[in-house]
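So the protein lines, in turn, are chains A and B.
Numbering-wise (the working numbering), the first sequence opens with residue 1 and increments by one.
Numbering-wise (the working numbering), the second sequence opens with residue 243 and increments by one.
One or more of the hints may lead you astray.
Said to hold, decoys possible - Short, incomplete list of chain B residues facing chain A, as computed with Cβ under 10 Å:
{"no.": "1", "residue": "R538"}
{"no.": "2", "residue": "L553"}
{"no.": "3", "residue": "L555"}
{"no.": "4", "residue": "T558"}
{"no.": "5", "residue": "T559"}
{"no.": "6", "residue": "S661"}
No wet-lab data here; the hints were simulated from the structure.
Glycine included, each C-beta is placed from N, C-alpha and C at the ideal position.
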Amino acid sequence: MNAPALLSVSQVETFYGRIQALRGVSLDVHEGEIVTLIGANGAGKSTLMMTICGSPQARSGQILYRGHDITRTPTHQIMHMGIAQSPEGRRIFGRMTVMENLRIGASVADPSHFDRDIERAFALFPLLKERRNQRGGTLSGGEQQMLAIARALMAQPRLLLLDEPSLGLAPLVIKQIFGAIRELNATQGLTVFLVEQNAHHALRLAHRGYVMVNGKITMTGTGVELLGREEIRAAYLEGGVH
Amino acid sequence: MVLRGPRTAAATLLADLVVTAVISLVIFGVMVGLRTETIPGGLKLVPRWSAALGLAAMVVAGRLMLHLIWWNRKPGARSAWSPAGMMPDWARNLKLSGRFVRPATLIFALVLPFLPFTDRYILDLSILVLTYVMLGWGLNIVVGLAGLLDLGYVAFYAVGAYSYALLAHYFGWSFWLCLPVSGILAAFWGIILGFPVLRLRGDYLAIVTLAFGEIIRIVLLNWYWFTGGPDGISGIPRPDFFGIVGFERGPGGFADTFGIEYSSLHRIVFLYFLILALALLTNFVTIRLRRLPIGRAWEALREDEIACRSLGLNTTTVKLSAFATGALFAGFAGAFFATRQGFISPESFTFTESALVLAIVVLGGMGSQMGVVIASVALIGGFEVFREFEQYRMLIFGLAMVLIMIWRPRGLIAGREPSIFFRTRKTISGALVSQGEGH
Numbered sequence: 001m002n003a004p005a006l007l008s009v010s011q012v013e014t015f016y017g018r019i020q021a022l023r024g025v026s027l028d029v030h031e032g033e034i035v036t037l038i039g040a041n042g043a044g045k046s047t048l049m050m051t052i053c054g055s056p057q058a059r060s061g062q063i064l065y066r067g068h069d070i071t072r073t074p075t076h077q078i079m080h081m082g083i084a085q086s087p088e089g090r091r092i093f094g095r096m097t098v099m100e101n102l103r104i105g106a107s108v109a110d111p112s113h114f115d116r117d118i119e120r121a122f123a124l125f126p127l128l129k130e131r132r133n134q135r136g137g138t139l140s141g142g143e144q145q146m147l148a149i150a151r152a153l154m155a156q157p158r159l160l161l162l163d164e165p166s167l168g169l170a171p172l173v174i175k176q177i178f179g180a181i182r183e184l185n186a187t188q189g190l191t192v193f194l195v196e197q198n199a200h201h202a203l204r205l206a207h208r209g210y211v212m213v214n215g216k217i218t219m220t221g222t223g224v225e226l227l228g229r230e231e232i233r234a235a236y237l238e239g240g241v242h
Numbered sequence: 243m244v245l246r247g248p249r250t251a252a253a254t255l256l257a258d259l260v261v262t263a264v265i266s267l268v269i270f271g272v273m274v275g276l277r278t279e280t281i282p283g284g285l286k287l288v289p290r291w292s293a294a295l296g297l298a299a300m301v302v303a304g305r306l307m308l309h310l311i312w313w314n315r316k317p318g319a320r321s322a323w324s325p326a327g328m329m330p331d332w333a334r335n336l337k338l339s340g341r342f343v344r345p346a347t348l349i350f351a352l353v354l355p356f357l358p359f360t361d362r363y364i365l366d367l368s369i370l371v372l373t374y375v376m377l378g379w380g381l382n383i384v385v386g387l388a389g390l391l392d393l394g395y396v397a398f399y400a401v402g403a404y405s406y407a408l409l410a411h412y413f414g415w416s417f418w419l420c421l422p423v424s425g426i427l428a429a430f431w432g433i434i435l436g437f438p439v440l441r442l443r444g445d446y447l448a449i450v451t452l453a454f455g456e457i458i459r460i461v462l463l464n465w466y467w468f469t470g471g472p473d474g475i476s477g478i479p480r481p482d483f484f485g486i487v488g489f490e491r492g493p494g495g496f497a498d499t500f501g502i503e504y505s506s507l508h509r510i511v512f513l514y515f516l517i518l519a520l521a522l523l524t525n526f527v528t529i530r531l532r533r534l535p536i537g538r539a540w541e542a543l544r545e546d547e548i549a550c551r552s553l554g555l556n557t558t559t560v561k562l563s564a565f566a567t568g569a570l571f572a573g574f575a576g577a578f579f580a581t582r583q584g585f586i587s588p589e590s591f592t593f594t595e596s597a598l599v600l601a602i603v604v605l606g607g608m609g610s611q612m613g614v615v616i617a618s619v620a621l622i623g624g625f626e627v628f629r630e631f632e633q634y635r636m637l638i639f640g641l642a643m644v645l646i647m648i649w650r651p652r653g654l655i656a657g658r659e660p661s662i663f664f665r666t667r668k669t670i671s672g673a674l675v676s677q678g679e680g681h
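Please construct the entire structure, taking both the sequences and the accompanying hints into account.
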């Protein structure tokens with residue numbers, strides 16, 4: 001791919017106080033791709049996701065989004081540039097209804113598209129439509145994840161960042177959610193950057209993947225390629241296949 | 243009587259109450275409303291209509307309570323938490339009657355000064371209650387909506403009061419000019435407080451706001467040449483009738499201009515309506531803001547700050563606007579307090595006041611507007627009722643608080659009305675609302 005990447009991370013280093021979490025991470029996400037970042041607990045996957053969003057900011061290195069340097073841009077401004085995030089642990093607004101959650105998700109979007117967007121979100125996750133007047137905290141884990149993704153989609157993003165959408169969910173629900181991500185990518189051409197521990201599902205879904213170990217990218221390749229690699233199978237897949 | 247659908251139930255209830263009212267009016271009208279007295283040459287009828295009306299009103303109110311609480315309890319309903327009935331029955335009926343309670347409360351507040359039993363004492367007490375209602379509604383924005391625990395709210399009340407007092411004292415500005423200025427100055431101080439506490443939440447935020455409240459009070463106490471220190475400021479001008487006429491006796495006064503008989507109550511009634519209007523303004527603005535993006539952002543901030551940021555909300559602006567809006571109304575209330583008292587000193591702005599307003603908000607149910615009204619009437623009215631038991635007052639007050647927190651741990655009115663709804667509006671039961679952090 002020769003076209004400039006939609007999101008380009010180069011040599012990023014992030015610290016929590018004196019502890020270094022990312023050690024010179026570089027990766028690219030091109031328009032229309034699903035790219036996944038897999039790795040074990042504490043490898044720095046979520047840190048990279050949060051660094052892209054500017055919280056915490058990278059100490060060195062550069063993050064380019066559509067050619068703009070967003071390394072030092074405040075989080076709320078990054079979210080106005082067409083990047084939306086479904087954070088780790090879902091973080092939906094528990095006391096507010098599904099509708100209110102979606103409405104807040106649309107804060108940065110053009111309000112005239114709200115009705116169209118909400119219909120689209122409900123078409124993607126029909127369960128949410130049934131539960132639209134229900135309080136977010138009363139939803140099941142899978143429904144909350146759907147809500148978190150739908151809420152991010154309400155911002156009309158070009159790039160969707162998903163942080164562990166399969167966390168703590170039943171295999172059947174994971175399938176449903178990954179199916180929805182594939183559909184979004186195939187029908188709407190939405191670019192997705194997916195951080196996952198569930199390597200098997202993530203690599204099967206993604207066009208390309210990166211593997212992170214101790215804050216460094218150690219391997220990269222297409223999803224199928226990585227799935228076939230012996231090291232990957234040994235480290236992330238054996239015994240973990242659902 | 244078991245209430246069925248909301249509409250039929252409300253109609254049946256209303257019909258029943260009307261019948262009750264008619265029957266009790268007939269009975270009490272004859273037996274209490276007319277009294278016979280012996281006069282030379284026979285008997286004389288002395289009408290006592292207000293007593294009869296009062297009794298009838300009590301009977302109707304009692305029957306309403308019986309309907310809502312006692313007669314409507316289904317067996318086992320208290321413990322049945324089916325998804326269809328997430329609220330206990332009586333809470334649902336309370337909600338149902340909420341449609342009547344709110345307008346009824348408003349109408350009662352509007353006609354109160356003209357009711358036959360209203361005297362100077364009741365008016366003064368009502369003004370006090372309304373001041374706390376307004377403060378409660380203002381604090382509700384900060385604590386109830388934005389979830390920022392503010393223990394120094396009285397600081398903004400003090401800023402408002404001193405703004406008016408000092409501007410009037412040094413520059414002779416009128417109340418109507420100072421009212422908005424006091425609000426704006428208080429809002430400005432709200433932002434000043436907001437900046438250092440932007441990164442704080444929960445306990446840490448509470449401590450800093452508590453300290454801020456004390457700082458303001460201690461500065462007022464020690465800045466002797468400017469604020470008068472512990473002596474306070476006296477001779478604060480009373481408000482006039484919208485800058486047109488004053489309330490003094492004699493030609494050119496309110497009574498003279500409008501051709502009515504002079505009464506010292508005119509000023510009090512005017513103050514009553516002034517604070518009522520200010521409180522209703524607070525309520526109206528809050529209700530409107532909740533439906534706007536800024537209000538929703540406040541509530542989202544209360545629920546999850548990180549999620550807010552990840553959705554592109556600027557949490558700095560959201561927090562500062564909550565502090566500023568809350569402080570604005572405290573400033574208005576403070577200016578009103580100063581003009582009503584005519585004298586202010588730092589003693590009126592101690593931590594106890596902050597705690598009282600916070601108690602009103604928590605007791606009423608965080609985020610609930612009607613709850614604040616009920617809690618203000620109960621707390622401030624309760625203080626008055628138990629004034630005779632001076633030493634035991636705080637004891638009873640504390641006991642009542644403990645009991646209420648056992649029975650209704652999330653406040654008297656714990657439900658939260660969604661600000662946006664698809665087809666039907668549904669209150670979210672407080673029983674399913676987590677305490678403290680909303681996860």
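Consistency of the hints with the structure:
Against a cut-off of 10 Å between C-beta atoms, the interface hint on B:R538 holds, since the closest Cβ of chain A lies about 6 Å away. At its closest, the beta carbon of B:L553 sits 6 Å from a beta carbon of chain A; the interface hint therefore holds under the 10 Å criterion. Interface hint at B:L555: satisfied, since its Cβ lies 6 Å from the closest Cβ of chain A, which is below the 10 Å cut-off. The criterion of a C-beta within 10 Å of any C-beta in chain A is met by B:T558, whose closest approach is roughly 8 Å, and the hint holds.
For B:T559, the shortest C-beta to C-beta distance to chain A is roughly 9 Å, which falls under 10 Å, so the interface hint holds. A least Cβ separation of about 6 Å between B:S661 and chain A falls short of the 10 Å threshold, and the interface hint therefore holds.
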